[in-house]
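Engineer: Using the sequences provided together with the hints, build the complete structure.
Chain by chain, the residues:
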Amino acid sequence: MADAPAQPAPAAAAAAGNPHKRKNKGKGNPNKKNKKLKGPDDATRRRHKPSAKFLKLLEKRARDYNSDDDDDAPQVRPRRSQPRPPPKQRDAAPDGDDDLKEAPSSEEEASSSGGESDGEKAVTMFQEGCRAFQAAFTKIMEKKLADNPLGPILSADKKLVAAKLAEEADEHKSKGEARKEKRLAAQKGHKIPENAIDNKEKMLIKVATQGVVRLFNEVSKRQTRKGLNPSSKDVKSLAKHSVPSSEGQQGQGSSKFSKNIGKGEDEPGWAPLRDTYMLGSKLKDWDKAQDSDVAKPSEVPLDNFSDDE
Amino acid sequence: GKGNGKGPGKRKMPLSVARKQQAVLANVDQVTGERIPKSFVFSRGKLPSTLRHLQQDLRKLMLPYTALKLKEKKRNNLKDFVNVASPLGVTHFLILSNPKSLPHLRFAKSPQGPTYTCQILEYALAADIANSQKRPRCPAEIFKNSPLVVLSGFNGLGEPFKSFVTFFRHLVPAIDTDTVKLSTCQRILLLQYDKETEAIDFRHYSIKLQPVGVSRKIRKLMQNNQVPDLRDLKDVSDYVTKAGYGSESEPDDEAATVSLASDIDKLNRASRKSAVRLQEIGPRMTMRLVKVESGLCSGDILYPQSVGKDVKEGQEEEEIEDAEDMMELEDGTEEDDSGDEE
Chain A
9 MADAPAQPAP AAAAAAGNPH KRKNKGKGNP NKKNKKLKGP DDATRRRHKP SAKFLKLLEK
69 RARDYNSDDD DDAPQVRPRR SQPRPPPKQR DAAPDGDDDL KEAPSSEEEA SSSGGESDGE
129 KAVTMFQEGC RAFQAAFTKI MEKKLADNPL GPILSADKKL VAAKLAEEAD EHKSKGEARK
189 EKRLAAQKGH KIPENAIDNK EKMLIKVATQ GVVRLFNEVS KRQTRKGLNP SSKDVKSLAK
249 HSVPSSEGQQ GQGSSKFSKN IGKGEDEPGW APLRDTYMLG SKLKDWDKAQ DSDVAKPSEV
309 PLDNFSDDE
Chain B
5 GKGNGKGPGK RKMPLSVARK QQAVLANVDQ VTGERIPKSF VFSRGKLPST LRHLQQDLRK
65 LMLPYTALKL KEKKRNNLKD FVNVASPLGV THFLILSNPK SLPHLRFAKS PQGPTYTCQI
125 LEYALAADIA NSQKRPRCPA EIFKNSPLVV LSGFNGLGEP FKSFVTFFRH LVPAIDTDTV
185 KLSTCQRILL LQYDKETEAI DFRHYSIKLQ PVGVSRKIRK LMQNNQVPDL RDLKDVSDYV
245 TKAGYGSESE PDDEAATVSL ASDIDKLNRA SRKSAVRLQE IGPRMTMRLV KVESGLCSGD
305 ILYPQSVGKD VKEGQEEEEI EDAEDMMELE DGTEEDDSGD EE
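Residue numbers (my numbering), protein chains in the order written: chain A, 9 to 317; chain B, 5 to 346.
Treat the hints with caution; some may be incorrect.
[What the hints assert, rightly or not] Here are the simulated BS3-like cross-link-like pairs (lysine-lysine), alpha carbons at most 30 angstroms apart as the crow flies:
#1 B:K73 <-> B:K212
#2 A:K188 <-> B:K78
#3 B:K166 <-> A:K229
#4 B:K199 <-> A:K208
#5 A:K210 <-> B:K277
#6 A:K214 <-> B:K148
#7 A:K214 <-> B:K185
#8 B:K277 <-> A:K229
#9 B:K73 <-> A:K199
#10 A:K229 <-> B:K148
#11 A:K208 <-> B:K295
#12 B:K78 <-> A:K183
#13 B:K148 <-> A:K210
#14 A:K199 <-> B:K50
#15 A:K210 <-> B:K64
#16 A:K151 <-> A:K172
#17 A:K229 <-> B:K212
#18 B:K75 <-> A:K199
#19 B:K138 <-> B:K64
#20 B:K64 <-> A:K196
#21 A:K181 <-> B:K50
#22 A:K214 <-> B:K64
#23 A:K214 <-> B:K221
#24 B:K77 <-> A:K190
#25 A:K188 <-> B:K104
#26 A:K196 <-> A:K208
#27 A:K190 <-> B:K64
#28 A:K199 <-> B:K104
#29 B:K212 <-> A:K214
#30 A:K199 <-> B:K199
Read the hints as simulated data drawn from the structure, not as lab findings.
Structural biologist: Take a look at the structure:
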């Protein structure tokens with residue numbers, strides 16, 4: 009009999025702790041329950057020790073008890089207590105925490121009536137079981153736990169625990185080291201520039217600036233000249249040779265532009281009008297002799313122009 | 005591209021924008037008649053997060069002719085990219101990888117072009133560079149045009165660097181000096197070869213033109229379009245002629261001055277002198293060329309891994325290593341064989 013209250017009680021505890029579980033899972037009749045429902049606080053408080061109120065009530069009943077009134081009182085009580093266990097037992101299964109609320113209330117009634125009602129065998133045994141359970145539970149809850157950060161250790165073998173802890177710490181350390189190494193390897197080569205621009209960078213910027221300046225000067229020369237005086241010189245040679253010639257003065261090493269298109273002056277400006285549009289320089293004079301190869305610098309990057317749209 | 009928005013219910017788009025969109029999608033440059041080189045920047049293998057940022061920076065660098073939001077999956081292999089590339093007109097691949105925790109960048113031409121593998125010795129992200137500058141400058145419109153490419157220090161190097169230079173020149177659309185508008189040249193990519201360390205410095209700058217001979221105050225006035233504070237001054241001439249502080253970054257030698265052909269913007273007008281000022285944006289890398297293959301990440305190896313051997317085809321050379329021997333390079337300089345092999 010002690011098992012029955014023990015089993016629903018932990019379930020009730022779990023259910024009470026779970027905020028998502030609905031309290032009256034479909035079967036509860038709120039009206040019936042509300043009569044004896046105490047708040048959850050009362051139930052939890054009851055686990056630690058009986059409340060002062062309850063004690064007072066017990067005392068009051070003990071005071072009021074008069075064995076001369078046996079005829080009336082027990083009749084009232086059993087009748088009242090009888091309907092209570094059936095509904096309680098009926099709902100014991102689905103309603104975990106209601107059971108807990110019922111238990112103290114039925115305990116109240118049962119404890120007062122238990123002694124004298126011999127006919128209520130079930131109630132008596134239940135009451136004893138309840139009392140025993142209450143005593144045991146209270147004893148457990150009163151026990152002070154050691155303030156161990158690991159929590160309560162069920163097996164008191166300290167050595168085992170220490171070994172396990174050491175192993176865990178080791179694992180943790182090696183994992184941490186591995187992670188650090190991995191991160192270092194990932195950053196390999198990543199060099200964050202310092203604030204000040206040092207000499208090397210300044211030199212690089214200078215080189216780049218010279219390249220840009222040269223290009224811009226070329227462009228401005230070409231573009232201002234274009235309208236005025238089309239030069240008779242081959243423009244291609246201008247592009248190729250004048251640039252290298254100015255390098256010697258700079259002494260910096262050659263700078264080359266992105267591919268410079270120089271075309272003959274006699275060719276139209278718009279690309280599709282040219283003879284070499286999409287054909288490349290090779291097929292320019294396809295009907296003429298092969299020796300005259302005024303190779304235009306406009307090479308087609310891919311030879312397979314057949315897939316051009 | 006999108007239509008001109010004349011139909012009912014279509015969003016109205018100005019003609020210039022529609023034309024620009026079409027220009028980017030086009031395969032052939034309208035003016036020069038050549039194919040526009042487009043590129044894919046992607047990675048092979050797992051990359052740590054900083055290398056992913058580097059990949060994104062490189063994509064921004066290759067704008068506008070690249071897929072900025074290219075999505076790659078683990079199971080894509082190179083063949084998938086090649087297959088997708090040809091209908092879209094993509095001609096170049098930039099492949100980031102991280103074998104043995106050493107970042108490598110491969111430049112390749114699709115579909116059967118040569119592949120240049122460079123090991124990245126050091127790199128810095130665009131965000132790092134912006135953090136290190138006092139006034140970082142990276143307006144979004146400078147990515148609307150391709151960068152200019154400047155290669156320096158590659159003189160007289162012979163193979164494989166000669167083809168490397170040609171490769172890079174083809175990586176960006178060609179510039180027609182007769183018709184190019186200077187306002188479209190807003191970025192510059194610099195590759196400089198350092199002979200002692202044999203490293204290639206890779207830098208990305210933004211170009212800013214500043215009129216020369218204009219005092220700082222007047223320049224700011226024109227830029228800000230705000231009325232200056234003349235409370236303490238008696239006359240406007242005080243404001244204009246007051247000697248201000250010299251700018252701390254006065255690099256303007258004669259070397260940096262250009263004379264413009266046309267109006268660039270409000271400040272830089274035609275046939276006036278302007279100074280070219282560069283500011284670094286974008287990733288910064290130091291790389292070393294370690295391998296050249298004749299195919300797309302396959303084929304004959306044209307340039308062996310370790311430096312200082314006779315440059316010949318074949319892989320037998322890689323096995324031979326002798327620290328004491330002096331070996332001759334192709335261009336005649338002699339060098340100690342201190343090659344480092346991976």
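Engineer: Tell me, in ascending order, the numbers of any earlier hints that this structure violates.
Structural biologist: none
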